[in-house]
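Enquirer: What follows is each chain in one-letter form.
There are 4 protein chains.
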Amino acid sequence: MNKNTFAPTPPMGWSSYDYYDTTVNEVQVKANADYMKKHLKEYGWEYVVVDIQWYAYGAGTMRDRYQYIPFSKLEMDEYSRLLPCRERFPSSAGGRGFKPLADYIHGLGLKFGIHIMRGIPRIASHNHGKIPGTFVTADRIANPFSICGWNSDMYGVDAKAEGAQEYYDSLFLLYAEWGVDYVKCDDICNTNLYVNNRYSGEKEIEMLYKAIQKCGRPIVLSLSPGPALIDKAWHYEKYANMWRITDDFWDSWSLLLNMFERCELWQKHVLPGCYPDCDMLPPGWIGKGFGQERMTGFTREEQITMMTLWCIFRSPLMLGAELTKLDEWTLSLLTNKRVFALMGSSHQAVQIARDEKHAVWFSKDSESGNCYVALFNFQEAEAEVNTVFEELDLNTRMEKKNMPEKIRHGIIKNEVHLEELWTGEGAVSKERKITADIDAHGAKLYHITIK
Amino acid sequence: MNKNTFAPTPPMGWSSYDYYDTTVNEVQVKANADYMKKHLKEYGWEYVVVDIQWYAYGAGTMRDRYQYIPFSKLEMDEYSRLLPCRERFPSSAGGRGFKPLADYIHGLGLKFGIHIMRGIPRIASHNHGKIPGTFVTADRIANPFSICGWNSDMYGVDAKAEGAQEYYDSLFLLYAEWGVDYVKCDDICNTNLYVNNRYSGEKEIEMLYKAIQKCGRPIVLSLSPGPALIDKAWHYEKYANMWRITDDFWDSWSLLLNMFERCELWQKHVLPGCYPDCDMLPPGWIGKGFGQERMTGFTREEQITMMTLWCIFRSPLMLGAELTKLDEWTLSLLTNKRVFALMGSSHQAVQIARDEKHAVWFSKDSESGNCYVALFNFQEAEAEVNTVFEELDLNTRMEKKNMPEKIRHGIIKNEVHLEELWTGEGAVSKERKITADIDAHGAKLYHITIK
Amino acid sequence: MNKNTFAPTPPMGWSSYDYYDTTVNEVQVKANADYMKKHLKEYGWEYVVVDIQWYAYGAGTMRDRYQYIPFSKLEMDEYSRLLPCRERFPSSAGGRGFKPLADYIHGLGLKFGIHIMRGIPRIASHNHGKIPGTFVTADRIANPFSICGWNSDMYGVDAKAEGAQEYYDSLFLLYAEWGVDYVKCDDICNTNLYVNNRYSGEKEIEMLYKAIQKCGRPIVLSLSPGPALIDKAWHYEKYANMWRITDDFWDSWSLLLNMFERCELWQKHVLPGCYPDCDMLPPGWIGKGFGQERMTGFTREEQITMMTLWCIFRSPLMLGAELTKLDEWTLSLLTNKRVFALMGSSHQAVQIARDEKHAVWFSKDSESGNCYVALFNFQEAEAEVNTVFEELDLNTRMEKKNMPEKIRHGIIKNEVHLEELWTGEGAVSKERKITADIDAHGAKLYHITIK
Amino acid sequence: MNKNTFAPTPPMGWSSYDYYDTTVNEVQVKANADYMKKHLKEYGWEYVVVDIQWYAYGAGTMRDRYQYIPFSKLEMDEYSRLLPCRERFPSSAGGRGFKPLADYIHGLGLKFGIHIMRGIPRIASHNHGKIPGTFVTADRIANPFSICGWNSDMYGVDAKAEGAQEYYDSLFLLYAEWGVDYVKCDDICNTNLYVNNRYSGEKEIEMLYKAIQKCGRPIVLSLSPGPALIDKAWHYEKYANMWRITDDFWDSWSLLLNMFERCELWQKHVLPGCYPDCDMLPPGWIGKGFGQERMTGFTREEQITMMTLWCIFRSPLMLGAELTKLDEWTLSLLTNKRVFALMGSSHQAVQIARDEKHAVWFSKDSESGNCYVALFNFQEAEAEVNTVFEELDLNTRMEKKNMPEKIRHGIIKNEVHLEELWTGEGAVSKERKITADIDAHGAKLYHITIK
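Chains as they are written, first to last, in the working numbering: chain A, 20 to 470; chain B, 20 to 470; chain C, 20 to 470; chain D, 20 to 470.
Please note that the accuracy of each hint is not assured.
Pairs involving identical chains hold if they fit within one copy or between any two copies, as the list cannot separate such chains.
Unchecked claim - With a Cα cut of at most 27 Å, we get these calculated BS3-like pairs of lysine-lysine:
no.	residue 1	residue 2
1	Lys287	Lys257
2	Lys233	Lys257
3	Lys57	Lys257
4	Lys383	Lys57
Since the hints were derived computationally from the structure, they do not count as laboratory data.
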């Protein structure tokens with residue numbers, strides 16, 4: 020299987036983390052899936068992902084002291100594999116795992132995803148749990164020095180140990196049986212986080228890849244947490260489908276502003292089946308599982324900036340909001356087909372300019388020849404943002420393969436026609452320049468054509 | 020001007036550094052150019068580059084204490100621009116600079132290049148020298164804290180200072196007048212080297228780019244020294260044609276072995292007009308200017324490994340050897356058209372495997388569909404090196420666009436035909452595997468076809 | 020000469036930097052010296068120091084762009100040695116240098132100090148200036164890669180070069196002729212600042228030491244800037260009298276709070292003739308030369324905290340304020356003999372406790388047996404600060420050598436008598452605890468006795 | 020209790036690590052103790068220390084794969100406290116722990132020590148083991164993110180958790196009951212090793228200190244592993260008796276040479292009850308438990324260098340050799356009373372010089388006025404090593420308090436008398452210089468007197 024065919028365009032969906040943290044249950048997942056089918060599916064949204072610690076009991080009960088309770092009870096089978104917590108996912112009883120929930124979601128025409136932590140449960144290692152299809156036990160493949168820095172459920176698996184690949188294989192066979200379409204593996208992407216074990220982290224990515232190849236199901240592989248390492252770009256591209264280029268993204272302007280720096284860094288690495296990931300989108304209602312339920316802290320302008328950047332950059336789009344509470348304006352932001360067209364597989368984008376006041380991006384669809392320009396205003400007040408034709412190199416960028424030679428050189432004389440995709444407003448450039456007055460922290464996204 | 024058109028394939032040529040260090044003179048440059056025209060030009064070699072400190076007097080005279088003599092006399096015009104040392108380049112007298120030498124080289128059908136250090140001469144700054152076309156003096160654009168770590172000729176230029184861009188413009192106007200086709204700018208690529216001034220280094224790259232655009236001559240821009248910063252790949256790609264991915268490369272196996280790591284890192288960044296640069300090639304006679312003239316320390320096998328890696332990776336090829344002393348075997352290494360075909364603009368290569376014992380690379384010409392595999396043996400003795408079809412993913416990689424569907428999937432049953440490009444020997448793969456016995460530190464480069 | 024005898028107690032004086040920056044002149048220095056003689060001398064203040072760039076012309080004239088003007092004119096003798104700027108120090112005319120000014124200050128019964136930058140002037144190096152008593156020129160001892168990160172006047176001197184020690188010797192012979200008692204050498208203490216030249220910085224400290232030994236005058240050697248490196252404590256202690264343990268200290272609470280961390284770090288390193296230096300004191304009027312003349316930003320409570328810490332820690336005390344403008348309250352702070360007693364050579368202090376809310380220090384005079392406790396309140400409001408006898412280990416610490424055995428163990432039953440040294444108020448401890456209500460950011464300094 | 024009184028001079032003894040690694044048993048410990056009593060005790064040797072993993076089963080059985088077997092069985096009481104492995108320490112049966120062995124050693128007039136790892140057993144944490152005298156369980160005080168980098172037995176204890184101090188208190192109450200005189204706590208000294216938990220490591224040192232104070236027994240506290248952090252010198256000095264200034268020291272010249280650098284760094288920090296620790300001494304037979312039993316790799320000259328440095332620097336002396344196998348020459352090295360006199364509490368040493376060829380140290384007994392000079396030859400062949408009176412500053416250093424003034428200044432005219440303490444040979448200095456021909460890697464240690 021060529022893993023790049025698993026996700027020919029950036030995955031779009033919903034994940035339970037931003038709203039539910041570690042507490043989500045079956046009823047809530049279904050409610051969000053139902054909503055997605057009804058309101059979002061036609062626009063490309065399709066993944067429903069159960070995020071972190073679905074195997075843990077007591078999740079969320081000691082919120083004042085811990086996000087993840089150390090040494091708490093985990094649901095696990097006799098083969099050292101984690102299973103859904105039966106209190107929160109009753110349909111998993113009787114060893115059915117996530118199959119019933121996956122079936123439900125597939126029944127809606129959607130896809131089902133889960134979050135996992137890299138490695139093997141610590142408790143299985145200390146208890147010398149079995150590894151399917153091998154004669155070794157968990158303590159022989161667990162690396163007691165390879166731990167996650169913020170969640171104490173697992174030990175890393177030592178790729179050199181006999182039985183290591185078999186353990187990962189057994190996990191993905193189980194996930195394939197359940198019908199999982201997407202796995203978000205955590206504690207594995209930014210391998211700088213575990214100082215002395217960078218190598219081991221990379222090997223675990225390769226074990227994940229091989230386990231997916233062997234399980235026979237085209238499971239999209241998403242790696243967290245960020246920031247991913249730019250010097251390992253080639254490795255992520257070889258073995259995974261998406262990788263987080265930031266630490267957790269939330270509804271704060273400083274994080275959004277910072278994302279421009281990260282997109283600058285990763286702009287050349289957006290390829291079919293390979294997506295640098297700007298992390299989940301936090302519009303609408305979020306934060307309940309963290310004990311701080313709130314409407315997003317972003318202004319509308321900032322949300323437009325966020326959506327424009329994620330789409331022109333072609334990041335995966337994973338909603339963090341509780342879908343059943345979406346208001347009309349937010350929904351409109353998530354259902355703009357003209358904007359989502361930029362996410363198409365033949366689009367390629369490039370940053371034209373970035374400084375402390377503004378940024379400019381350009382995108383072209385190599386098949387249709389459609390061109391787009393996004394202007395961003397980073398300032399605290401409305402400001403004019405502009406970009407000149409020379410900077411955009413429009414002559415080179417807008418030319419088409421079969422254009423007559425004399426037109427190819429010098430086509431763009433003085434103006435192009437502009438259509439803003441969030442508002443639908445049209446305009447014409449002047450003096451070889453694209454100019455817009457943009458609200459504080461806002462953006463404009465133009466489709467540009469030569470008339 | 021689109022700078023990527025200045026070098027549609029990786030530049031190939033000769034540079035004076037490895038043999039002459041700081042001491043090269045006009046007669047020697049011409050002798051190497053003559054040789055190139057006669058023996059190498061038809062194979063693609065075309066650049067003749069005068070390397071470091073052509074403006075310095077006494078170069079090489081205190082070799083026991085210094086490579087570059089601090090505070091020595093530099094030839095300079097009244098506008099703070101360095102000129103060729105008249106003792107070594109007599110034709111430059113009368114303010115003609117490098118024009119006569121460039122004319123000579125152009126007359127041979129070759130191209131002319133020079134090396135420069137980033138910045139403005141320190142002595143000009145201390146003497147408040149003029150800047151052409153401005154009312155400011157050198158002290159106003161020089162940054163006294165931005166120095167090179169190993170050569171004391173220059174201060175960096177402060178991009179924010181009035182007159183800064185004008186100074187670089189004036190340099191490239193002069194170089195354009197001379198007829199320079201290629202500029203290797205030093206102390207600018209690995210901006211980590213000047214700890215507190217990374218930003219300023221990047222801005223000087225941008226000033227170079229703009230100065231070239233303004234001068235109207237398509238001068239290829241090469242950046243040194245390495246290692247270039249992978250997180251600035253997008254920046255090099257936007258503003259330059261080639262950038263050094265290593266510190267100076269010499270004839271030592273450890274450096275050659277290390278290059279595989281660097282090529283792994285940069286493999287996705289070889290694009291038209293954008294070349295990660297493995298540095299000069301040291302076969303033949305080198306080291307005279309350093310007081311240690313010697314035949315290359317590489318074995319023949321190592322030289323084949325080097326040429327194979329540089330070519331399949333598509334690094335620029337710059338010879339460091341004294342050309343007039345090339346022996347027959349070395350010359351044969353530099354005149355293999357079948358191998359140089361891999362450097363074509365439609366080729367793209369990928370590393371298939373690398374560990375402490377071996378490496379495998381694959382390259383495909385997207386236009387002709389030609390496929391190549393290189394096998395490298397890192398061990399200290401002859402060893403069998405092999406790669407299996409699955410690892411190569413031959414089914415995916417060798418398919419052609421217009422191939423019938425039933426053939427596209429599963430074309431590669433059990434064997435491919437192989438032709439080794441250095442020896443011309445043919446072979447057939449067995450058991451879905453390409454296998455070769457390779458000498459210590461050696462390589463095999465195969466053209467592979469389906470029969 | 021044993022350099023530790025040059026300063027048996029921490030030096031106290033005034034330096035021109037905080038008020039005048041680079042602009043101070045002779046009249047101003049004399050005015051401050053006159054004031055010191057009249058109002059401060061009897062309390063131990065004795066050094067008058069001309070701070071940075073007394074040799075530069077145009078100092079302060081381009082304040083909007085530079086603190087130190089790069090490439091500006093410097094007054095220099097034919098031997099590459101800097102001399103006072105004649106415009107600002109007219110008495111230096113005729114080659115008399117600072118001798119007339121030093122004579123004046125000595126006439127007041129005070130001591131005279133100057134600031135220097137490590138190294139040799141860049142301009143002397145580029146012009147191949149002479150070195151006294153040698154046949155080499157400045158370019159042969161200057162290290163063109165050893166520069167200061169914030170002032171461009173000098174190059175470091177290469178300790179291995181012939182003539183290097185001779186240059187430093189010639190400087191201190193000149194300073195000894197002038198009558199200099201104190202040299203504050205800059206760009207030399209925190210040798211981490213010049214990344215690749217740490218070794219060279221250490222060697223320059225040793226050259227300074229040797230030059231002082233040779234010049235025959237007991238010149239106190241003060242090293243800047245900080246933070247000094249704790250792993251080089253033994254080296255500073257061997258070769259210098261004081262070394263800055265912070266970057267520049269100014270009138271901000273965050274810097275003052277941070278000083279507690281630094282004093283914690285260096286507490287064991289205060290020894291006779293060896294003083295970790297908390298930097299200049301900024302009470303009163305400061306900042307004029309920086310274009311921002313102002314009354315200190317510290318509250319009175321913060322100033323008491325500062326003076327208490329500096330004195331109990333036994334930092335050198337160098338006033339930065341314009342003395343002629345001192346108000347009565349500030350003067351009272353600088354003339355408290357009971358407090359300055361803590362600076363005596365037989366005192367040794369130790370930090371008892373420090374957290375985000377408070378700190379406690381203890382000091383004992385090993386000769387008189389006098390004990391002191393300082394309590395500091397770091398909070399933003401008045402708060403009770405206390406320390407218990409056990410924490411202070413009073414039994415051990417207050418015991419005297421000739422005390423009868425039965426008293427030595429268990430002397431401190433329930434209470435000690437306290438006298439606060441800033442207010443003169445008395446008190447008695449209760450329940451084996453010393454307690455005080457202290458204003459926000461304030462301190463109490465107690466003399467404690469057993470009655 | 021004043022912890023500095025627990026060890027008024029640097030502890031001297033034997034520890035099982037260098038010979039037995041993790042495998043030592045009761046019979047072996049007793050045999051070494053017997054030998055110490057008979058041959059070494061009168062020279063000051065007194066501690067007998069059972070080193071790492073005395074609580075582990077199977078220690079040493081999988082030597083080819085592990086030094087410490089992850090997830091192996093540990094002997095533990097119901098209160099989460101480790102006990103001696105009953106297989107190796109049969110006298111510990113019936114809950115008697117190390118008491119019988121300690122009694123035996125005390126019966127020889129010697130002192131008993133044990134090694135512990137910082138923290139609480141991981142297995143106790145996962146099983147929610149009890150903590151004595153509290154209502155909390157092990158999982159509530161264990162920090163699942165605070166692990167040792169090379170031994171997987173323990174989790175760090177979170178100082179802020181309720182029950183944390185109580186756990187350490189319970190450990191030391193047990194050790195006090197057993198009769199432990201010395202605890203070598205591991206994974207706690209070089210707190211840089213656990214990148215994100217430096218603070219927590221420091222807090223555990225403080226908990227150890229408090230637990231010792233509470234247990235009422237003067238247990239010497241030794242901290243490992245090194246290198247200790249020089250910026251935490253004050254903290255070690257406040258809470259512990261000795262701390263390792265290197266990583267493990269073994270019988271290699273490069274490690275011995277490196278120790279001079281470390282002693283230079285820590286020279287000012289040797290104080291009563293506070294000892295920077297150069298680690299165990301590996302003369303004689305070592306390495307059996309590591310599967311590589313061998314006679315020390317040091318030459319005799321190197322052993323003299325080692326002993327001279329450890330003694331003049333006043334490091335603790337802990338023998339690693341199997342005592343029962345000591346040969347006569349080695350024994351003579353360990354029983355030189357004149358040399359051990361340098362370890363006395365009134366001695367203070369200082370490094371006079373160090374470069375790549377040699378080092379010189381000076382030591383003075385402030386009570387007797389005795390002075391010593393050690394000369395070290397770092398070269399690969401015999402060489403003359405010397406030091407001049409000026410460098411030694413003999414005039415200052417050898418003066419005595421009650422010496423007549425005229426003698427104090429200038430006592431040392433031209434010569435001092437020398438007695439070499441390893442050979443007993445006498446000599447006289449010449450030309451104000453102490454000179455010796457020293458074998459490769461060897462040393463001379465002189466007692467110097469004025470006649």
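Enquirer: All hints, please: hold or fail.
Expert: Results for each hint:
For the identical chains of this complex, lysine 287 and lysine 257 are neighbours both inside a copy (15 Å) and across copies (11 Å), given an alpha-carbon limit of 27 Å. Within a single copy, lysine 233 and lysine 257 get their C-alpha atoms as close as 16 Å, which meets the 27 Å cut-off; across copies the closest is 41 Å, which misses it. With identical chains, the CA atoms of lysine 57 and lysine 257 are never at most 27 Å apart, being 36 Å at best within one copy and 44 Å at best between copies. Within a single copy, lysine 383 and lysine 57 get their C-alpha atoms no closer than 31 Å, and across copies no closer than 46 Å, so neither meets the 27 Å cut-off.
Hint check: violations occur at hints 3, 4; the rest are consistent with the structure.
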